[in-house]
Amino acid sequence: MAPEKQPFSLYIHIPYCVSKCPYCDFNVHVVSKIPEREYGAALLRELEVYARSDHWRGRGLKSVFFGGGTPSTFSPQSIGRILEQARSLFPFTEDVEVTLEANPEKEDQKHFSAYRSCGVNRLSLGVQSFQPRLLKFLGRLHSADESREALRVIRQVGFRNFSLDLIYGSPGQSLADLQADLAEALSFQPPHLSAYNLTIEEGTPFHHQLNAGRIRPLPEDEEIAMAELIEETLSRSGLERYEISNYARPGWQSRHNSNYWQGGDYLGIGAGAHSYVSCEGNSVFGLRWHDERNPARYMEMVKREGTAVAESESVGLAKAAAEFMFVGLRMMNGVSTDDFSGRFGKRPEEFYPQIGAWVEEGLMEARGGAVRLTRRGVLVSNSIFVNFV
Amino acid sequence: MGISEIRNFSIIAHIDHGKSTLADRLLEHTGAVSERERTDQFLDSMDLEKERGITIKASSVRLRYQAKDGLEYMLNLIDTPGHVDFTYEVSRSLAACEGALLVVDAAQGVEAQTVAHGQLALDHDLAILPVINKIDLPSADPERVKKELEEIIGLDGSQAILASAKEGVGTEAILEGIVNSFPPPRGNTQGQLRALIFDSWFDPYHGTVVVIRIFDGVVRKAMRIRMMSSGKIFEVTKLGIFSPSPIEVPELRAGEVGFLMAGIKEIRETRIGDTITSEAEPATQPLPGFKPMKPMVFSGLYPADSGHYQALRDALEKLRLNDSAFTFEPETSQALGFGFRCGFLGLLHLDIVRERLEREYGVNLITTAPTVVYRVVTRSGKELLIDNPVKLPAESDIDQVEEPVIVATIHLPQEYLGGILKLCEEKRGSQKEIRYLGPTRAVLVYELPLNEIMVDFYDRLKSLSRGYASMDYEVAGYRPGDLVRLDIRINGEPMDAMSMIIHKDKAYQRGRDLAQRMRQLIPRQLFEVVIQAAVGSRVIARESVKPLRKNVTAKCYGGDITRKRKLLEKQKEGKRRMKQVGRVEIPQEAFLAALKV
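Heads up: the protein sequence lines correspond to chains A and B, in order.
Residue numbering for the first sequence follows the working numbering, starting at 1 and increasing by one per position.
Residue numbering for the second sequence follows the working numbering, starting at 1001 and increasing by one per position.
These are computed hints drawn from the structure, not numbers from a lab.
In this text, a Cβ means the ideal position worked out from N, Cα and C, and glycines have one as well.
Keep in mind that the hints are not guaranteed to be accurate.
[Claimed, not checked] Under 8 angstroms between C-beta atoms, here's a sample of chain A residues computed to sit facing chain B:
#1 S258
#2 H274
#3 V284
#4 V327
#5 R347
#6 E350
#7 F351
[Unchecked claim] Result set (DSS-like, lysine-lysine): computed pairs, CA atoms no more than 30 angstroms apart in a straight line:
#8 B:K1575 <-> A:K20
#9 B:K1566 <-> B:K1550
#10 A:K346 <-> B:K1575
#11 A:K319 <-> B:K1555
#12 A:K319 <-> B:K1572
#13 B:K1506 <-> B:K1147
#14 A:K136 <-> A:K5
#15 B:K1550 <-> B:K1391
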């Protein structure tokens, strides 16, 4: 079977939020009235158009991910319609994973049950912290109690698969604060948890505050200690670290995200969504594109043309290999040597001779049919990845 | 117009005392430059010179002046460079003159270069006419300046013309003064040709342009001429004067100043101070004072990106066409790869060349620690000239190391004497003379090792005296010294580009400073970077850059791999601006630290 006939992943971007968090630099828009019907229609139309294209026609779908923004700003009816459409166009694999990112607010909780009924089988809840002080700092509108309640509801309405997001490394956060967050998170026995180190991205309100000296990031050593505490604590509770920021019980890793990290194909629809499709050919390994970022213009374009491609690029051998490495090494299992040489004709160590030096320095391991970063290597992964590009 | 209506003169002044502005006023007043085409500071033609406020290249302009005595005069204004690195060139320009306007700022008063160049002018038996400039300034004190002129230089202060070049005050009086106080040139039109070269530059269309003053005889178009220092023969293709735009003339006669072209392809054939004579009837004696110009300071110039080696070579070659004092030859460095060992008159000259390479030719450079030329006598009795510290033989093979010394003349207000004496002592100077000029000023004469004044001497002199001290220097031979080589090692690898020869007593402090600076400038890497300063096998300082512990992206968002790649590419771009030495990435600034400590 040709590689492009493999099942793929579908990403659906819902760009709307009730307010924008000060650390967020995603494609997020706060509008007075969310044009749910119009935006939903654009998504349906886009799906339909792609389903007719050579790249996607007839292929199986192994995961769907509603990301944002806040997908739970959309009603279960809208989400259901999109899933219906997707299912009618692409055969879902038996074990298809359908994730929706949700906020813990009361308003959102009301829909959890209905989301499940319409085909969502995994919720990813943006808890971030259980400490009121840190929630306030992070600009979150929900309370810690709402998060607790939301987690109870999730389990109550029958979601066996769910994840919660935590952010660590906020200025003023102590190791004890973090420990409390972890303990509380674990008390809900999540099969999956993401713990993101707070990163201050250019152009965000936090970045301005940082430049103005109003916030001071935690010392590097403390952040490292936090990362260690997280891994230790979670692994004791059976949540294994499988990616830089992701932890799961064995078998409960996010299939959707794993597909990104393993170089699989994905179709992204919605404002600013990204797609990648591998190609069979000598010089071009794959195509990447993303949709128009502005929701209003995105909807306009889809109405006019059926799609809304803003930029696309073809990925040649060197680029494809580099991407495969710096994305794949985010996973603790690393990059499979066979997989790499199957795609690029040479083993990773042959393609990137520096790997030998990194192994010697204890930043990488090359055994068991894979190359992977050590824990120390993970911490400086960007300094290693830069050598691939 | 006969030789008695010619006046050849220079304007000498301390930096910023108004030389260029005054020159502009003279040009305007005599109609050489009309108001309309006037641009400020006409004689300083290169951008770089304007920015630095100094004139690198001497030029000459012929002015016609209808004097009050009813006669028309030919005034040749000969410009002089104004920095300590170019003393010899100043002296050759002065040798082409009979008189000099000594311009002094009415508020600042007499400064070191005023004195140094004034002295130089007196040594050449020039008539000196003092001009007290900037009398329009509220802080102007012409009476004080007159007294200083008398007390410090021994000129008659009452003769001084009060002027404001900016406002055009006193221009006429100055022109009359030139006519009346400066003697006409002496010279014999009938004699064998002797012409002094006092400036030259390369013109891409005409080859080398030589600016000359005729002392004896006549030079004509198509004449075959001989350079007396080299014996090389050329045929004159063009003669002319600058007025200030070039105008061709059929001949230049004794007493006149003008330019000559003779299909000379390399500027090195036209040495400043050399005498041109005719091939057919050569003069027996050249004009006095010729010294071949020798670079005093050497430094390795390396392209930051080794792929730009050829571009650097091309740029150096182009630069050499126009700068006979500058030399280069290929060399290799273990740390930096392929580059060039370059010779300069002094550090300022090095700075100018480096800036021109980066700005005009777009070559990103790494400069190694500058060095003077040491003379080494080996145990086996061989004498070596060392222009690169790496070439210094092992200690056990050295009988004696000698270093070049200079004699510096420093003028300063007496209140700063204490600090500056201390500075000179710190720089291993030995005092030759201390003189008090009037109640407030002093002159210090010190013999100093050239390598000691190379780095920060001039800057510190200025800051210790709040800018009031000034200095001039002359090279004064070699003296034995207790000198060693200071090496910098990075993770055990010697950084040959940072080695320097230094006095034993200073090696420890310098090594420590350098290692500390390097620690601050080398970014953290994936492994520990150990910086050592060593003399021979003895490590005298050690610093370490702790390994980078954390550089990680928490979230690789929603399949946006292009963005992640672009971020990595940006990081990579930053890496590219660094030099890879072994596995250590070292930014250019770290190499500059070797110059600046």
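Hint check results:
1. S258: Violated. Min distance 12 angstroms.
2. H274: Hint on H274 of chain A: holds, closest Cβ of chain B at ~4 angstroms, below 8 angstroms.
3. V284: violated (15 angstroms)
4. V327: holds (6 angstroms)
5. R347: violated (22 angstroms)
6. E350: violated (20 angstroms)
7. F351: Not OK, violated: F351 of chain A not within 8 angstroms of chain B, min 16 angstroms.
8. B:K1575 <-> A:K20: violated (35 angstroms)
9. B:K1566 <-> B:K1550: holds (20 angstroms)
10. A:K346 <-> B:K1575: Holds. K346 of chain A to K1575 of chain B sits at ~27 angstroms (cutoff 30 angstroms).
11. A:K319 <-> B:K1555: holds (20 angstroms)
12. A:K319 <-> B:K1572: holds (14 angstroms)
13. B:K1506 <-> B:K1147: Since the Cα atoms of K1506 of chain B and K1147 of chain B sit roughly 43 angstroms apart, the hinted pair is violated (cutoff 30 angstroms).
14. A:K136 <-> A:K5: violated (47 angstroms)
15. B:K1550 <-> B:K1391: violated (41 angstroms)
Of the hints listed earlier, those the structure fails to meet are numbers 1, 3, 5, 6, 7, 8, 13, 14, 15, in rising order.
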